[in-house]
Amino acid sequence: MSMTSLLRAVLAACVLSLSFVSVSNAQTLRVLEGEISTSLRVPVNRAVVVESDAIFAELTVANPAIADIASLSERTIYVLGQTPGRTTMTLLGAEGQLIANVEVQVVPDVAELRERLRQILPGEGIEVRTAGAGIVLSGTLSSGNAVDRAMQLAGRYSEEVSNLMNVAGSQQVMLQVRFAEMSRTARQNLSLSLSGVEVGTDAGIGLGTGSLSGGGGLAPGSLPGGLNGRNGALSIAFSSGGTQLGILIEALETNGLVRILAEPNVSALSGQPAICFAGGQFPIPVQSDDGVGVEFRDFGIDLSFTPTVLDDHVINLTLDTEISSLGETVAISGNQIPSLRTREASTTVQMRDGESFAIAGLLQDDFRDSIGQVPWLGDLPVIGTLFRSTNWQREQTELVVIITAHLVTPIRGEALALPTDRVAIPNERELFLFGQLAGGQGNVSGAAADVAQQDFNGSYGYVME
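Residue numbering for the sequence shown follows this note's numbering, beginning at 1 and increasing consecutively.
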């Protein structure tokens, strides 16, 4: 055998020997599995002392940031909860054998939370549990406000709070808003004009503060030949020979009364906003890059509110309401644009079920008077009245906004009646023979039939407690 062949044989034997050693070592490596004891629960910032049945020589913890440990004796261990989470504590014997693996759960300190909830919310059946690193609140509470307060307090002890609490009783609120506005207007006008003309000449005279011949003025030779549609005017003409004398008396009294009433009703769940709008839109010309465009503005009844049911059925209301209507038109750049009259109120109040609040009120009293007279003649006693024009005007507006809140619960649909249920489509006999615009029998039946036959004004869809 040559030297080269001998070296190759030796190298091959060395490789086989190393491979066998590696395989043997790999087969002798095994994971020690000790007995898993019951999970150890430790509150945050609290400590517990545990005792081992066997004497341990070495003690370790997987994550010291979750739980800190210390040995008090060869059988006693001190465990301090640091932060919520899970980790493993390992105990080894004197010869290195595994005694036990202990799962340590560090949970929020719910004992203190339970005590604080009993102090702040007495009488509320709140159950507090832990789930992982978080807190779970459950139970039936008296109001949504109590639920919010419990959640805020639990947030002090953990960032993860699960809300499984229920609210007892009715938590739906129906709001009735009534707009009542009364506007009164009174006007009085009194004026007198004289005019004299000498026939055949251009001589004439006119005195007074009125307007003769439909606004033609008090020019000489212009006598009141007609009233031209005037209201409250009296025209008298005299003729004696070549002289004519005309008198125009204008006396007018005007009284006006306007009544506006709106009653929007909206229902919402406690803590949830509700919006109601009933109205329309009117166009407004606006200038744009492409020329003149059209923009639409809303008008009508707008109501939005957020109810919150507090303790002892007290209702907290955040309310925004507005009623607007079209007024007189105004000419702007050759376009007739209607004006908008708006009455609105925004407030936050508290009330009980069925109580009412007058949240807004307005009493406006405008008074204007004016006197126009012929200089010097109008200052004469008694007779000066003939040379004066007196205008008197008074406007009064009274507005009241009243809200009423009710706790409500839904009912079965067949017990409800709609305003349209009272009106039936007339047949040909009722329409052509008797001239009836509505039939004599509505299309409602069942429990709501009696209600539909009445002149019932109110809310539909809910029953007040």
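Worth double-checking, as some hints may not be accurate.
What the hints assert, rightly or not - Quick list of the computed label-pair ranges, beta carbon to beta carbon:
id : residue 1 : residue 2 : range
1  : G361      : E295      : 29 to 35 Å
2  : E295      : G256      : 29 to 35 Å
3  : T342      : D311      : 32 to 38 Å
Don't read these hints as lab results, they were simulated from the structure.
Quick caveat: nothing in here was measured; it's all calculated off a predicted structure.
Heads up, the beta-carbon is just placed ideally off N, CA and C, and yes, glycines get one too.
Against the structure, test the hints numbered earlier, and report the numbers of the ones violated in rising order.
none
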